[in-house]
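So the sequences go chain by chain: A, B, C and D. Note that the numbering used here has the first sequence beginning at 1, numbered continuously upward. Note that the numbering used here has the second sequence beginning at 1, numbered continuously upward. Note that the numbering used here has the third sequence beginning at 1, numbered continuously upward. Note that the numbering used here has the fourth sequence beginning at 1, numbered continuously upward.
Possibly wrong hints are sitting among the right ones.
Covered by chain C, according to a simulated footprint, are these stretches of chain D (three or more residues, beta-carbon under 8 Å) [claimed, not checked]:
| no. | segment |
| --- | --- |
| 1 | 28-40 |
| 2 | 76-87 |
| 3 | 94-101 |
| 4 | 165-174 |
Cross-link-like lysine-lysine pairs, in silico, DSS-like; alpha carbons within 27 Å at most [stated by the list, open to error]:
| no. | chain 1 | residue 1 | chain 2 | residue 2 |
| --- | --- | --- | --- | --- |
| 5 | C | Lys401 | C | Lys203 |
| 6 | D | Lys255 | A | Lys261 |
| 7 | C | Lys261 | B | Lys261 |
| 8 | C | Lys372 | A | Lys255 |
Computed from the model, here is a short list of chain A residues facing chain B with C-beta under 7 Å [claimed, not checked]:
| no. | residue |
| --- | --- |
| 9 | Asn40 |
| 10 | Leu41 |
| 11 | Ser89 |
| 12 | Ala161 |
In case anyone wonders, no lab produced these hints; they're calculated from the structure. Glycine included, C-beta positions come from ideal geometry on N, C-alpha and C.
4 protein chains.
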Amino acid sequence: MLTQASKVNANKVFSLARHYRAVRRRTEVLCEPLSAEDYNLQSMPEASPVKWHLAHTTWFFETMILSAMSDYRVFHPQYTYLFNSYYESIGERLNRSDRGLLSHPRIEEIYKYREYVDTYILHFLEAEAHHLSGNILTAMDTGLHHEMQHQELILTDLKHAFAANPLKPAYKSMDYDASDEIPAMRWHEYPEGVYWIGHDEEKEEFAYDNEKPSHRRFSNTFRLASRLVTNREFVAFMEEGAYARPEFWLSDGWKLVQEKKWHAPLYWENLGGKWWTMTLGGLREVEKNEPVCHVSFYEADAFARWWGFRLPTETEWEIAAKTVKPEGNFAESGRFHPAHVKSLAFTNSPSQLYGDVWEWTSSAYSPYPGYKPPQGMLGEYNAKFMSSQMVLRGGSCVTPKEQIRHSYRNFFSPDSRWQFSGIRLAGYL
Amino acid sequence: MLTQASKVNANKVFSLARHYRAVRRRTEVLCEPLSAEDYNLQSMPEASPVKWHLAHTTWFFETMILSAMSDYRVFHPQYTYLFNSYYESIGERLNRSDRGLLSHPRIEEIYKYREYVDTYILHFLEAEAHHLSGNILTAMDTGLHHEMQHQELILTDLKHAFAANPLKPAYKSMDYDASDEIPAMRWHEYPEGVYWIGHDEEKEEFAYDNEKPSHRRFSNTFRLASRLVTNREFVAFMEEGAYARPEFWLSDGWKLVQEKKWHAPLYWENLGGKWWTMTLGGLREVEKNEPVCHVSFYEADAFARWWGFRLPTETEWEIAAKTVKPEGNFAESGRFHPAHVKSLAFTNSPSQLYGDVWEWTSSAYSPYPGYKPPQGMLGEYNAKFMSSQMVLRGGSCVTPKEQIRHSYRNFFSPDSRWQFSGIRLAGYL
Amino acid sequence: MLTQASKVNANKVFSLARHYRAVRRRTEVLCEPLSAEDYNLQSMPEASPVKWHLAHTTWFFETMILSAMSDYRVFHPQYTYLFNSYYESIGERLNRSDRGLLSHPRIEEIYKYREYVDTYILHFLEAEAHHLSGNILTAMDTGLHHEMQHQELILTDLKHAFAANPLKPAYKSMDYDASDEIPAMRWHEYPEGVYWIGHDEEKEEFAYDNEKPSHRRFSNTFRLASRLVTNREFVAFMEEGAYARPEFWLSDGWKLVQEKKWHAPLYWENLGGKWWTMTLGGLREVEKNEPVCHVSFYEADAFARWWGFRLPTETEWEIAAKTVKPEGNFAESGRFHPAHVKSLAFTNSPSQLYGDVWEWTSSAYSPYPGYKPPQGMLGEYNAKFMSSQMVLRGGSCVTPKEQIRHSYRNFFSPDSRWQFSGIRLAGYL
Amino acid sequence: MLTQASKVNANKVFSLARHYRAVRRRTEVLCEPLSAEDYNLQSMPEASPVKWHLAHTTWFFETMILSAMSDYRVFHPQYTYLFNSYYESIGERLNRSDRGLLSHPRIEEIYKYREYVDTYILHFLEAEAHHLSGNILTAMDTGLHHEMQHQELILTDLKHAFAANPLKPAYKSMDYDASDEIPAMRWHEYPEGVYWIGHDEEKEEFAYDNEKPSHRRFSNTFRLASRLVTNREFVAFMEEGAYARPEFWLSDGWKLVQEKKWHAPLYWENLGGKWWTMTLGGLREVEKNEPVCHVSFYEADAFARWWGFRLPTETEWEIAAKTVKPEGNFAESGRFHPAHVKSLAFTNSPSQLYGDVWEWTSSAYSPYPGYKPPQGMLGEYNAKFMSSQMVLRGGSCVTPKEQIRHSYRNFFSPDSRWQFSGIRLAGYL
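Same shape as in the complex, but just chain A:
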């Protein structure tokens, strides 16, 4: 006879199975506009081919959930070598820069792999519905959120690869709206005090280990911009010599500007005196009222300095975001491109905090006080990257909405530009 607890558990598990099917399906839907030739594109070591993303997310479930089961037989003995991303505890793996060479296994094979693992996972959930441990639930949740992260990466990596093609092919045809008018930048003020930061562990919601534990930070009074920095504003910076004047830049940033001859955000091209930019809908003229996107931390920081402001710390960003619903221009909109602010009114809280573009903060990515990485393979998920990276917050127009929370911490090295990353200003009073 089942206990009450096991029934509750079973309900959770049924809902988990539904969730699993939905998330896995969404990944495949993202691939529908692609032809076989697009699946293996790898335009730089940091970006992976679509096929690899499809397989790696599957391998993640296989390794974390299924491989511990006595009666499970791996789909293919070499897939761990091929599709392990960076887990040293799991063993040797293919060089990152060689992922684009995997014309074998064929796409069909990878879809079979997905189906094989899906079948086992769903069967497992059903069979174990009444006995599922908390650890397994966490691992399943992590696998799903991991898959959402890769949904975003499929789009960012494809954009990078398509942009490297002189034909500037579109992922799919798009019809972007534009606007003649957006509100002026104004400021929201926040009082000094000790604030709780990080994921509140009493909430049921999923969160990564790096958002924990909840802890206190002292914050001075500060103000946060009412909206994101626009292309118009960034072009003004460029016209005042942004990329030619060292005084705006951190030393490392200035070195990059010179070495890489940066002269505009990534994907921008000047054609006939006008700025154009690559989008997932192909090449398009830069829309002045949209948020600037594909800037590195160094460019964001330089822009803020030029304008007499600064980037927010991640604490400040979270103080502001904690009271705002995580809604905005996420991947679900299908726009896959940042959008201008819709309303001209000045509201209670900053607009565009969620979605559109990841917002660079001035905070280096480091462990929260009392942080403990998980045991096993998941201990490598976030913890080992806690050096030489900056925190970004709020998600972007290619992030699945479900993935984002006020406490969500994304992180990239300060020179990264291929993510949908933009600028929110902050200041002191």
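Chains B, C and D: place on chain A using the hints.
Below, chains B, C and D alone, put in the same frame as chain A:
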């Protein structure tokens, strides 16, 4: 009324049209075993994707023959940018290392491009059959020999890409024969004297500019090995410390051995104490009696020194080859892999001079006395590479037979290993 | 008639002149053991030759103080090009890696340069004693503290250069004492709360801009180790596979371990089964009870993880250090090498907080809340390096004592090892 | 009683001892203008410090002659490690790029080393005067010619280091003469035929192994320019777009032009619209009638192509030079800089064949037919560099006269520019 001369010309042109159709068709036949995912593989900057080879050879005809015609309209205005290999006189082009990113234009589009250009070329030949100039005939011939060179490259580049895949996929399944016995290495002697070297311009046969002019060279007496060096012989060298003993190596070669940790020919792997090698039929145990293949000039030179011999000069090789019919294990055999010597008898002349593997010579690639590069784009075909490369002779098991003559000069940098290159020994008396 | 204020000022200025003479003299005393051949050594781009340090510190005073004076004539018109370190606002400069090529200007010339500038500075102080502005006083103080930083760099850079010489020459002969016994590692606890961090601007003491403004931080309870980590403890880590086990390392650190084949702290060599290390007194066997030194942030962090602890944040370090007198094994001891803990007793506060080795913190170097960089050239002194570096605290055995305060923030990239950098552990309760 | 043979030998040995003293002394004389700070300069891995040259040449005698003697004790056990250049058969050695870090051993110590070895060598010659073997005589001769090669390198390497110093210091002050007029370029013709090339072994004169054996080459008729190419002529090339037009360049050369932004010969700077160049006498305006110098093979080849000519093969150069006395502007002149042609008359043979600048040939450096490298360490002297280098002929203004013969083969990689290398044109008839 047609003159006799124009009739002769017309016959030539009809035969040229047949030739054109045949060569172009052979390129496409080579692609039949491939799936769409294989077409864009690029495993290093020096190797190009199959799709690029298909398009580049077409672009070559378009640019050399059709673009001069007033009524010809290029298939696509950006294809010159995409498919120009290295012709500075034609203009800017895609970075070599980015060829693998061209998931667009699609394969179907490239086949349409081939058909489009083929139609124009054949129509042009027909229309102009009676008036075709010698220049055009030369350009057509060059285009066809150029296409044959790329037929070889399609196979060498695919082999390199497949070898980088841990699954070691086969281009097509192969059934290689082997042999328990081959003849001992013996020597053929050649007397000292002044020899004519290079392409005899009185012969009708096609030859590249770098094989001309025919000229005289003094040669000391020398001897040439009766067959190629085998894997068994190369393994003996390895077992005597080949890759660990600097005394066998040129200084540049020794640096490479250390930097790249070379320890066997390219594609060799030691699995369970046995040597295996990648082939176009997949991974296969190294067959001891087959010619060693995929060695650099430095390895060939070191091997020769170890055994107390040397590599032949290209003059010596040509003196020996001039009296031998250019027959052997070429691409037409479909084996795509070097083969052991079939007959145990000692014959009049060295065996395996043609086909099987390109034979490294000790001659740096340089212009023949009196050499004049052609005018225009073809002036860049061979001439500008006449530094820091070594000459190889005789063709390989992936070279179309028709491409090879005793005067044919191939050239690669001395560190190259992805071509089917092997070792023929020479010595003084 | 002089006002009281101007008299006070004059006293300050006389004391400043005395200070100037003393600091400038100390730099030259450091060079006494050197021969002319040692002055131009540059063993890596990050390290500078002694001669360059002598000139650069002089150029700093010339540029900041003298160049604004209408009647001052620069010593040599090209010295700004030669001896500007990184000040973009001052103009173009010699490549960092070319500093070792300056056999001209001769050493004598550089000493003349120092004398020339000293004469002008001292004359200026005397002449302006009653009218000196606060800005000038700050600039003078900065120049002196800058010179002290370069005194330390002279020693770290010489050590690096001498270590690259297989003869392992000594800077001067040393007689190091050792100890058979040191106290066990114990812990000091600090309660949670909001703490004031940074330089208290009401104090007269000199401080750099990056130590300001004083601001509040919330700290959880934490504990700090009673002494530095020793060579004995680090060897234990090595013997448990430190450099062979990825699980201890941040991802960037593990990459470095493999790329650079790190297998011990910098300067360590295993000779006949024993660890030896380079010192400013030449090669010497590693003394087990001395603090481990010349480790990168990655090694410090990995060691802490292995032992189940962590590195302190800079806030935690400062909370502990604020109540301790800045005394210890500084450059003044002439030992130029870290020393074992002298007393076995457990005291009120951690020992070795000051001197011996710079202590890596887990804090990325970033601006304090409300930070404003100074105007002009000094704005480039600290501010532009606030990315991709970690904070170190407490000074080392080659740091002039006067340079150190509880609020002093040193910063180096996490892979740096040529500074005298070591490990202090921290933990939660 | 001494035989006649041993008396002859003794005379040879006495003369050898005189020669030894003279050559060794000349090396030291070259160092007289230097201060201690100049001795350790190393401006690139290919160039060595003066001190290293002084020690290496000494080590060469010690290793080749003295180390075989039972009663000889090496001066310092680590000197083989420090001063072995590239002899793998002798063992491990210091990285080439670290030679500039040897502030120890001190200069005085190196001069003591020279004296120590000189004493032993001279004592040995005296003691063995009647019994000296041919091998020893060859080794002694080689050591002296080796020392002369390093006399040249001391000057080329110092020039490179001084040129890297923005102060452009002079090695010593010079007073260069110039000329308003030089003869027009005319041509000397040579008939086709089979020629003997290489060192005639019946002559007593010293020659390196790479000049042997004497052998026959067939040469077409050719013509050789009556003088070297001048700066005026090279500037004309530059003004016609030399460094901006790919059509003149070999492919590898064009890549270098773009990568390294070459825009003039090495050491040239455009100051106020005029070309200046570094010399061993300091910066000096480019003298239009002097031979162009410090050009790479690629620049020489491109220049020749631009003017409708070509570079000579080494065979052609030697055919012309064989009948000309090896006299010209060598190091003995003390000018250390190429000079304009003195006489306006057209003479029997080309002028400037010897001295002034090394003349790039179109011949890759390779072994002569029948070449056998010497046994032992000397086998590494020349043989192992026979790949990827081009032959230069004739010596330069920093070459000791005694070093040069018509058969002397110098070799450098085609991108080298820091040697005194220039251009002689050749052509067909």
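Consistency of the hints with the structure:
For the segment 28-40 of chain D, the stated coverage by chain C is satisfied: 6 residues place a CB nearer than 8 Å to a CB of that chain, which reaches the threshold of 3. Beta-carbon proximity to chain C at under 8 Å applies to 3 residues in the segment 76-87 of chain D; the threshold of 3 is reached and the given coverage holds. Evaluation of the coverage hint for the segment 94-101 of chain D: fulfilled, as 4 residues show C-beta separations to chain C shorter than 8 Å, against a requirement of three. Counting residues of the segment 165-174 of chain D whose CB lies closer than 8 Å to any CB of chain C gives 4, which reaches the minimum of 3, so the coverage claim holds.
A C-alpha spacing of about 18 Å is found between Lys401(C) and Lys203(C), which places the hinted pair at or below 27 Å, so the restraint holds. Our distance criterion of 27 Å between C-alpha atoms is met by Lys255(D) and Lys261(A), whose separation comes to about 19 Å. A C-alpha spacing of about 16 Å is found between Lys261(C) and Lys261(B), which places the hinted pair at or below 27 Å, so the restraint holds. With a CA separation close to 23 Å, the supplied pair Lys372(C) and Lys255(A) stays within the 27 Å bound.
A cut of 7 Å between beta carbons decides the hint on Asn40(A): the least distance to chain B is about 6 Å, and the hint holds. Among the interface hints, the one on Leu41(A) holds; its C-beta lies about 6 Å from the nearest C-beta in chain B, closer than the 7 Å criterion. A distance limit of 7 Å between C-beta atoms decides the matter here; for Ser89(A) the minimum to chain B is near 20 Å, and the interface restraint is violated. Among the interface hints, the one on Ala161(A) holds; its C-beta lies about 6 Å from the nearest C-beta in chain B, closer than the 7 Å criterion.
This entry does not satisfy hint 11, going by the numbered hints stated previously; all others are met.
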